[in-house]
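Engineer: Chain residues, written in single-letter form:
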Amino acid sequence: MIGTYLKTTGLALALGGWAGMAAADPSLDLVGPLADYKIYVAENTAQLVADAEAFTTAIKAGDLDKAKALFAPTRTSYEKIEPIAELFSDLDVSIDARADDFEKAEADEAFTGFHRLEYGLWEKGSTEGLAPFADRLMADIHTLNERINGLTFPPEVVVGGAAALMEEVAATKISGEEDRYSRTDLWDFDANFAGSQKIYDLLKPLIAKQDPEFVAKVDGNFAAVDAVLAKYKEGDGYVSYEKLTDADRNLLSSKVNTLAEDLSTLRGKLGLG
Amino acid sequence: MTGCPFITDRRRLLMGLGLGAIGTLAPAAQAREAAQPNVDDAPHGHAETAAQSVPFHGPHQAGIVTPRPANGIVAAFDVVAASLDDVETMLRLLTERAAFLTQGGAVPERDPRLPPADSGLLGPVVAPDNQTITLALGDSFFEAQPALKPLKPARLQRMVQFPNDALEADICHGDIVLQFCANLQDSNIHALRDIVKNLSEYLVLRWVYEGSVPPVPPAPDGSTPSARNFLGFRDGSANPDANDAEMMGRVVWTAAPDEPAWAHGGSYQAVRIIRNFVERWDRTPLREQERIFGRAKNSGAPLDGGPKATERDVPDYAADPDGAKTAMNSHIRLANPRTPDADKHLILRRPFNYARGAMKNGHLDQGLLFIAWQADLQQGFIAVQNLLNGEPLEEYIKPVGGGYFFAPPGVAGPEDYLGSGLIDAARRA
Ligand code: HEM
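Chains D and V are the protein sequences, given in the same order. Residue 44 in full-length UniProt numbering is what sits at position 44 of the first sequence, and the numbering runs on without skipping anything. Residue 424 in full-length UniProt numbering is what sits at position 424 of the second sequence, and the numbering runs on without skipping anything.
Extracted from the complex, chain V is given alone in its bound form:
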């Protein structure tokens, strides 16, 4: 199948060159070089996806309710800043870099006797590639600066251990995190390298996790099915609709009256690095896997649906009070019992799958780079995790890292910078 088009292509090429048939050896060899894919050809990129860009300016930061591209990186840093001025300089510099990296453009040329301005990973012109860079601030960011401490978002706190956690200090917390998302992981890596280089004076890297989501072809009806996580289940089916601005205003964007004014329009981010015991999972009967989640593995549909049910169907727990269909301790039923009260615990999940090679025990180091956004950290992630504590899924997962952060509102325009509201408030105080 693959051979034919190339042969016709080559014929066409040869005809075009006025060489009716493959006659002499030399021209034929040349033509083959030009037309036939070869072992060291670069994989074909797509001009269309490379040109996709997410606006950098707006009331909210990008990378939260904007569509999740195929690749993500979360990088946590500690901030080195002796004063509020230092913090402001850092935030301005970060904003400038993020504006360039997300919108793309030509990389400046330098005297070749100097180190180049850019790593060059993406060539002389950086394509936007759906790149977003989202800044979120940790509890320690505020604690470190006396001027910022009183302005800490009301629900921001240092992540504490849940019963099933085995937190590793090296991959927990951070003064800030940057979430990089793009179509290609190379774009994220390029952006991360740029930030590390240009902000070395202010940022010391703590940990980095890279993840991805498998691209999924559209369903026959035109809808896009949810991508699968590394346990093979569709992940995201019951997420609130991120295009519903009114709903996002309740679920994602912070606005409570007891939150500092500068924080309105921002969002709490819970990052959890959750290892999956994939070998053990793959040795678990399908029925048990489905019981644990409360959803069918292939379709992602809730278990109380018929054979034609889809992942978008809503389970009817009222009709199943004893959990005969959807077990009471299944993941989705615990996470969202769909009682009237449960609405206030809604969160927007935007995770990536990660795979990091092998562990000492000869098992694969794979899992979920869980990222949840919410207006209220306490009512959101923390409450839901508390509902999930003790769930049967725990036998197959182990949260090992992450942290809680707060993403300040967006950058209004070219004169504005990330966190400006916070800095202004600190100066006024």
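Excised from the complex, chain D in its bound form:
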């Protein structure tokens, strides 16, 4: 019975590598990927600062169309590095919380950040009254940038980040709850997948030899996600979430959950507790 269990869950793989993994010195192997990931995060935070400058400037100048056009692309750098950004939970709340994180929803004073601006731009159709929120977002993003620059990246957070991003998509994005006013959710999907795949790609060389089946499965699922998202590309970004068909949403959902399931073993595979 246990034999069948292992066969069906694909665990035999993970267990097969158990002895070998314990002997390896994980910290050494991870030095390279961690350094590369740090650069990736730094590039994205720099991009975030620059994009947010343009976005908030447009809001304060009262340029509604420009502000709306910059909303989704500005968010992508944040969404790519969410596992790191989320380490600063105070900032994550003020930058990226959604109305339903607050008791009084949109009317709540604590509701700030990207989605507060999104609410104003799309629901209210105006930049009026948004300047203080724009200033606050810019200040938060500067703080985030400083904190990330001073951060030593915990290896388990980086390695676990690949799965964490998939959990994020599975829990709050797939349902279309994230960008509910602008319907730009597919931009976020893409950024979350990119961020997850970046981590996975950096670590892949460390596991490819022991676990070819695992790597093939994960590669296949990332490719399947890319193929679905490609159907919805438009210009530099994506069409409205509303265009996503039920069948494609189900497909994405199954891939995201399976990626989360598989990537959740990365920490163990690399000998991190």
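A portion of the hints provided could be inaccurate.
[What the hints assert, rightly or not] Below, a list of computed lysine-lysine pairs in the DSS-like style, where the Cα atoms sit at most 30 Å apart: (1) D:243 to V:197; (2) D:233 to D:204; (3) D:124 to D:243; (4) D:233 to D:209; (5) D:104 to V:360; (6) V:360 to D:124; (7) V:344 to D:204; (8) D:243 to D:66; (9) D:68 to D:231; (10) D:204 to D:38; (11) V:308 to V:360; (12) V:149 to V:197; (13) D:231 to V:197; (14) D:124 to D:68; (15) D:217 to V:398; (16) V:360 to V:325; (17) D:124 to D:233; (18) V:360 to V:398; (19) D:231 to V:149; (20) D:243 to D:209; (21) D:209 to V:197; (22) D:217 to D:204; (23) D:217 to D:124; (24) D:198 to V:197; (25) D:233 to D:243; (26) D:243 to V:344.
Bear in mind the hints are in silico, worked out from the structure with no lab data behind them. Remember, predicted model here, so these are calculated numbers, not experimental data.
With chain D's structure known, arrange chain V with the ligand on it following the hints.
Structural biologist: This is chain V with the ligand only, laid out in the frame that chain D set:
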């Protein structure tokens, strides 16, 4: 009453320890810890019920004519499958998981640096606990695969709205449903979690309803009275006898010549999520409640019986042609007028009660997770529901979800898998 046994127990324990009386404080405190039930003690489980198991292999799936345990969950999923091969892999995987979960056993251990193989809800050894997992396929399951479409059971269709329905899209239909039944709801939840984890590649959850049936002590004569639903009436009294194999062969197991051969031995499942307006019901006079069902609330007996009548008595409608005793529009008389013709509409009901907290209007969200099995969906559930349309009970109930499904025949043995007949037929075609 509760205090005494514990005191004697403690005395006995202390005596056993050679401490004739409660002398010093320390040993007494220790002894109390061991003997007296405490606030955080787990409720006592029963080894006997935990060990009960329903065979997984057989000509029919378990969970249909097997006795209904106290708890059930219906979970509807959409299937993500690019090919017939994917469908087969999914069905094989599902079969393996169901075989393990229903028969129980030790959960495999894993390197602790990896996520554990099992949620651990039931500990390191899974008890069978009367667990059954019943697979049924929806109309969209067949429609999605060109190879399966021509093999769809002849009467399978997408559930359509009846006049009193207010269907909510979020809790309707599904490519497949899994019906979990067990003595403890924890066993069902464990099984559901296992399926969700192990089949994430193929199954996307649509909706889940949990229900239960109140355990009932046996009557003095040894018979088991029917459990009550959330309207307080005994539910199941007039069900056909599930132990009567010949009858089940007519009522429950699909065998019609115009059904695809692979479907023989399977069964149609109608799932209906029927909200009960319990506040309003509880403000309705008893006599009217009984008139609406056509049965006495306490005993469950038909209304034409005397004071000693029981729920097993059969109403005599021929002697009551104008409905003076059992109203013509009462639930049981409409559902089964007991005319010679009515026999072909028999169904096997195996429902659970559900309670899901509060609704926006400040009312309780409670109702019946109605599940009916039949050989012929059209002659069974659909015909009976059409007879019931407009019944006075409608003022107190609102069907809001569910769907129609077809449970393939059982898994013959360890080499077989759920739906193998269908897949084989699709490959031959
Ligand atoms: C919330 C909804 C419902 C409630 C509370 C309910 C309750 C009851 C009760 C108390 C009885 C009498 C005892 C018994 O024979 O089990 C009964 C009988 C029955 N019900 Fe329902 N029921 C509901 C919905 C339905 C539906 C949707 C159907 C089928 C379309 C149905 C079909 C039947 C049948 C066939 C009988 C047996 C009639 C007989 O043979 O005398 N019921 N129901």
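Engineer: If a hint holds in the structure, say so; if it doesn't, say that too.
Structural biologist: Do the hints match the structure? See the list:
1. Between the alpha carbons of residue 243 of chain D and residue 197 of chain V the distance comes to roughly 29 Å, so the proposed pair stays at or under 30 Å and holds.
2. As the CA atoms of residue 233 of chain D and residue 204 of chain D are separated by approximately 27 Å, the hinted pair is consistent with the 30 Å bound.
3. Between residue 124 of chain D and residue 243 of chain D the CA atoms are separated by roughly 23 Å; this keeps the pair inside 30 Å, and the hint holds.
4. For the hint linking residue 233 of chain D to residue 209 of chain D, the alpha-carbon distance of about 35 Å lies beyond 30 Å, and the restraint is violated.
5. Distance hint between residue 104 of chain D and residue 360 of chain V is fulfilled; the C-alpha atoms sit about 17 Å from each other, no more than 30 Å.
6. Restraint check for residue 360 of chain V and residue 124 of chain D: satisfied, since their Cα atoms lie roughly 27 Å apart, inside the 30 Å limit.
7. A hinted pair counts as satisfied when its Cα atoms are at most 30 Å apart, and residue 344 of chain V with residue 204 of chain D does not qualify at roughly 63 Å.
8. Of the supplied pair hints, the one linking residue 243 of chain D and residue 66 of chain D holds, its CA atoms being roughly 23 Å apart against a limit of 30 Å.
9. For the given pair, residue 68 of chain D sits about 23 Å from residue 231 of chain D by alpha-carbon distance, which is consistent with the 30 Å threshold.
10. At most 30 Å may separate the alpha-carbon atoms for a hinted pair to count; residue 204 of chain D and residue 38 of chain D meet this at roughly 17 Å.
11. Restraint check for residue 308 of chain V and residue 360 of chain V: the C-alpha separation of about 44 Å exceeds 30 Å, so the hint is violated.
12. Restraint check for residue 149 of chain V and residue 197 of chain V: satisfied, since their Cα atoms lie roughly 28 Å apart, inside the 30 Å limit.
13. This hinted pair checks out: residue 231 of chain D and residue 197 of chain V have alpha carbons roughly 28 Å apart, not beyond 30 Å.
14. Between residue 124 of chain D and residue 68 of chain D, the direct Cα distance comes to roughly 12 Å. Compliance with the 30 Å bound is thereby established for this hinted pair.
15. For the hint pairing residue 217 of chain D with residue 398 of chain V, the CA-to-CA distance comes to about 46 Å; that exceeds 30 Å, so the pair is violated.
16. A distance of roughly 39 Å separates the Cα atoms of residue 360 of chain V and residue 325 of chain V; the hinted pair therefore is violated under the 30 Å criterion.
17. Proposed proximity of residue 124 of chain D and residue 233 of chain D is supported: the alpha carbons are some 27 Å apart, at most 30 Å.
18. Under the criterion of a C-alpha separation no larger than 30 Å, the hint pairing residue 360 of chain V with residue 398 of chain V is consistent with the structure, at around 16 Å.
19. With a C-alpha separation of about 27 Å, the suggested pair residue 231 of chain D and residue 149 of chain V falls inside the 30 Å cut-off, and the hint holds.
20. Restraint check for residue 243 of chain D and residue 209 of chain D: not satisfied, since their Cα atoms lie roughly 40 Å apart, outside the 30 Å limit.
21. With a CA separation close to 26 Å, the supplied pair residue 209 of chain D and residue 197 of chain V stays within the 30 Å bound.
22. Between the alpha carbons of residue 217 of chain D and residue 204 of chain D the distance comes to roughly 12 Å, so the proposed pair stays at or under 30 Å and holds.
23. Using a Cα cut-off of 30 Å, the hinted pair residue 217 of chain D and residue 124 of chain D is violated, with the two alpha carbons roughly 45 Å apart.
24. With a C-alpha separation of about 25 Å, the suggested pair residue 198 of chain D and residue 197 of chain V falls inside the 30 Å cut-off, and the hint holds.
25. Distance hint between residue 233 of chain D and residue 243 of chain D is fulfilled; the C-alpha atoms sit about 11 Å from each other, no more than 30 Å.
26. Straight-line distance between C-alpha atoms of residue 243 of chain D and residue 344 of chain V comes to about 47 Å, which puts the hinted pair past the 30 Å bound.
In summary, the structure is inconsistent with hints 4, 7, 11, 15, 16, 20, 23 and 26 from the numbered list given earlier, while agreeing with the others.
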